Amino acid sequence: MKLAVCINHVPDTAAKINIASDGKNIDKTGVTFVLNPYDEYAIEECLRLKEKNTGEVIAISLGGDSHKETLRKALAMGVDKAVLLKDESPRDSFAVARALADYLKEISADAIFFGKQSVDSDDAAVGTMVAEMLGLPSVSVAVKLEIANGTATAEREIEGGKEKVQITLPAVFTAQKGLNEPRYPSLKGIMSSKNKPIEEKAPAPSQVKAEVLAMRKPPSKNAGKIIGTDVNAVPELVRLLHEEAKVI
Amino acid sequence: MKILAFAEQRDNKLKKSAFEVVHTARTIADQIGGEVIALVIGDQVQVIAGELGGYGATKILAVQQPKLGKYSSTAYAKVIAEIAKKEQADIILLPATAMGRDSAPRVAVKLDAGIASDCIAFKVDSGNIIATRPVYAGKALTEIKINSAVKVFTLRPNVFPAGTSTSMAAKVEVTDIPLAESDFASLVIETTQASGKIDVAEADIIVSGGRGMKGPENFKMIEDLAGVLGGAVGASRAVVDAGWRPHNEQVGQTGKTVSPSLYIAVAISGSIQHLAGMSSSKYIVAINKDKDAPIFQIADYGIVADAFDIVPAIMLETKMLLGK
Ligand SMILES: Cc1cc2nc3c(=O)[nH]c(=O)nc-3n(C[C@H](O)[C@H](O)[C@H](O)COP(=O)(O)OP(=O)(O)OC[C@H]3O[C@@H](n4cnc5c(N)ncnc54)[C@H](O)[C@@H]3O)c2cc1C
Ligand SMILES: Nc1ncnc2c1ncn2[C@@H]1O[C@H](COP(=O)(O)O)[C@@H](O)[C@H]1O
Numbered sequence: 001m002k003l004a005v006c007i008n009h010v011p012d013t014a015a016k017i018n019i020a021s022d023g024k025n026i027d028k029t030g031v032t033f034v035l036n037p038y039d040e041y042a043i044e045e046c047l048r049l050k051e052k053n054t055g056e057v058i059a060i061s062l063g064g065d066s067h068k069e070t071l072r073k074a075l076a077m078g079v080d081k082a083v084l085l086k087d088e089s090p091r092d093s094f095a096v097a098r099a100l101a102d103y104l105k106e107i108s109a110d111a112i113f114f115g116k117q118s119v120d121s122d123d124a125a126v127g128t129m130v131a132e133m134l135g136l137p138s139v140s141v142a143v144k145l146e147i148a149n150g151t152a153t154a155e156r157e158i159e160g161g162k163e164k165v166q167i168t169l170p171a172v173f174t175a176q177k178g179l180n181e182p183r184y185p186s187l188k189g190i191m192s193s194k195n196k197p198i199e200e201k202a203p204a205p206s207q208v209k210a211e212v213l214a215m216r217k218p219p220s221k222n223a224g225k226i227i228g229t230d231v232n233a234v235p236e237l238v239r240l241l242h243e244e245a246k247v248i
Numbered sequence: 001m002k003i004l005a006f007a008e009q010r011d012n013k014l015k016k017s018a019f020e021v022v023h024t025a026r027t028i029a030d031q032i033g034g035e036v037i038a039l040v041i042g043d044q045v046q047v048i049a050g051e052l053g054g055y056g057a058t059k060i061l062a063v064q065q066p067k068l069g070k071y072s073s074t075a076y077a078k079v080i081a082e083i084a085k086k087e088q089a090d091i092i093l094l095p096a097t098a099m100g101r102d103s104a105p106r107v108a109v110k111l112d113a114g115i116a117s118d119c120i121a122f123k124v125d126s127g128n129i130i131a132t133r134p135v136y137a138g139k140a141l142t143e144i145k146i147n148s149a150v151k152v153f154t155l156r157p158n159v160f161p162a163g164t165s166t167s168m169a170a171k172v173e174v175t176d177i178p179l180a181e182s183d184f185a186s187l188v189i190e191t192t193q194a195s196g197k198i199d200v201a202e203a204d205i206i207v208s209g210g211r212g213m214k215g216p217e218n219f220k221m222i223e224d225l226a227g228v229l230g231g232a233v234g235a236s237r238a239v240v241d242a243g244w245r246p247h248n249e250q251v252g253q254t255g256k257t258v259s260p261s262l263y264i265a266v267a268i269s270g271s272i273q274h275l276a277g278m279s280s281s282k283y284i285v286a287i288n289k290d291k292d293a294p295i296f297q298i299a300d301y302g303i304v305a306d307a308f309d310i311v312p313a314i315m316l317e318t319k320m321l322l323g324k
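Chains as they are written, first to last, in this note's numbering: chain W, 1 to 248; chain A, 1 to 324.
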């Protein structure tokens, strides 16, 4: 099986976010960047499929040289090949999807994996956009996946339940937490990933359709009041919720 | 300007988001000038489509086929895009629900349109629609202007008002979009709904428990309180990773982003990742025995005490208040 996984390099979820002086981007000083958490589930799923069916796993990231760090993590986890689509121009989801789709078209993988969303843009769009660009079926927000004889049966989360989707490969999947438990890179994996080559490609430029006009911090919430330190505070809490907040 | 509003239904019931999307389309149309076309897709949806009548649509379209009774990413996206072309829609609004977030990217590609997902506000500025959407799990907000001819937006559920019905009711037109077998390449074969359970992402009241609950058995009191309040149960990641609660209840940056009217955080410390998912709740109550827990920094009301004493007491008190 030929498996492809698209991975992004994003601020650590523990990072405090500040706005850069241009008022349109985040200030990257002091921010640690990591492999997008959802993309870990996508990588893990590829590795498991490879272990079951043999084949190869190709990890692809679009971005600047810093994305090599995340590609190395993927190599350390066990992917066979890493490709950097080197491009630092601002891109929206459409433009990211376009570049990934152009490359994925060349390699014709049997299954292509994404995270359900990047924890930077939170757009949750790229995976399904690529599926549409390549004319492939897809399952987004997958929490369970079984592939047998070219058919995939997947479960995806919906409000208050799940839906089971059946599709034929080649296909696209976007991974949600719960799909699997990602492995930690082994020491051997980490060592050998250091010397593995990362292939570089230059994607075609693409127009940005969704333009960021401004970025700002959300209005901050002030700490409210501590009503009490024991059970005697409860009637007052319930009264406030009923009369002041009017939420119960 | 023509705005196409996708009104989601499941099991032949319009979702609350359907009204939010149609009403928001109306609000935008009132500012920018133009028409609102509401679209319902499903099996026999003509009747329920009529319920949208008074919510501001100029026209209501029902596209119905037995096979559309179950959601299909590929087929739904095709119907939405074909209707958009036929009606020459400039703007497409969908809910940022499991269904909307799955079909919107396909619709955008089909129409060569830019997309802004999970929007929480719109304004009109010299004829342009500017959308506000959270990024970095709400740690920042961006204002987005889409420059392509057609624009796709998805709306975060529970944020926009659903409006109220007026007597100016539009009539439902049944329209057909021819679909081939191949259009159903992604097809849902089965849906399991946890019966009677409200999803955290849609709930107006959420009672969430954290690691301080000490074990899965103690979530009974969280469930009971949620039950009395007519809300949903949420959980911190610590609790989900420990296997005490299912993944779909996790609130936070890598869980659900929620904005209920009331969020009660019980024995949750308030890590930056947890706050990212719930800090936009209207009212936040924190119950934690550590007075320095970060959750108190954003709570409107706090009680510094043992959750095992407080939660049952809140339940009793609310039961009395609500006469239950
Ligand atoms: C990549 C990544 C993504 C993450 N995403 C998320 C996410 O989406 N959502 C999320 O929640 N976390 C997320 N986390 C985890 C997060 O960093 C915290 O570890 C987690 O939120 C802690 O959960 P908690 O508050 O339940 O537990 P703790 O931090 O252990 O807090 C337990 C609290 O309970 C209190 N307590 C104990 N006993 C009692 C009692 N009897 N009565 C009252 N209070 C009591 C304690 O004082 C303490 O404040 C993520 C972490 C990473 C690295
Ligand atoms: N720059 C990128 N390079 C490679 N993959 C990406 C990139 N951006 C997003 N993706 C993939 O698309 C998914 C969804 O991203 P998004 O639509 O931006 O939320 C991510 O989880 C990744 O799998």
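For the record, the hints were derived by calculation from the structure and aren't laboratory data. Since the model is a prediction, treat every value here as computed from it, not as a measurement. Ideal Cβ placement from N, Cα and C applies to all residues, glycine included. Misleading hints may appear alongside valid ones.
[To be verified] Negatives, chain W to chain A, calculated, CB over 12 Å:
no., residue
1, Glu44
2, Lys52
3, Lys221
[Said to hold, decoys possible] Straight-line distance between alpha carbons at most 20 Å, and here's what the computed DMTMM-like set of lysine to aspartate or glutamate pairs gives:
no., chain 1, residue 1, chain 2, residue 2
4, W, Lys52, W, Asp22
5, W, Lys246, A, Glu317
6, A, Lys123, W, Asp80
7, W, Lys105, A, Glu190
8, W, Lys217, A, Glu143
9, A, Lys70, A, Asp176
10, W, Lys162, A, Asp176
Evaluated hints:
Distance to chain A confirms Glu44 (chain W) as a non-interface residue, since its nearest Cβ pair spans about 15 Å, more than 12 Å. The Cβ of Lys52 (chain W) lies farther than 12 Å from every Cβ of chain A, with a closest approach of about 23 Å, so its non-interface assignment holds. Not every Cβ of chain A is farther than 12 Å from the Cβ of Lys221 (chain W); the closest lies at roughly 5 Å, contradicting the non-interface assignment. Restraint check for Lys52 (chain W) and Asp22 (chain W): the C-alpha separation of about 49 Å exceeds 20 Å, so the hint is violated.
Restraint check for Lys246 (chain W) and Glu317 (chain A): the C-alpha separation of about 15 Å stays at or below 20 Å, so the hint holds. Between Lys123 (chain A) and Asp80 (chain W) the alpha-carbon distance is near 47 Å, which puts this suggested pair outside the 20 Å criterion. The straight-line distance between the Cα atoms of Lys105 (chain W) and Glu190 (chain A) is roughly 31 Å, outside the 20 Å bound, and the hint therefore fails. Straight-line distance between C-alpha atoms of Lys217 (chain W) and Glu143 (chain A) comes to about 11 Å, which keeps the hinted pair within the 20 Å bound.
This hinted pair checks out: Lys70 (chain A) and Asp176 (chain A) have alpha carbons roughly 17 Å apart, not beyond 20 Å. Pair hint Lys162 (chain W) plus Asp176 (chain A) does not hold up; C-alpha atoms about 29 Å apart against a cutoff of 20 Å.
The structure is inconsistent with the numbered hints 3, 4, 6, 7, 10, although it conforms to all the rest.
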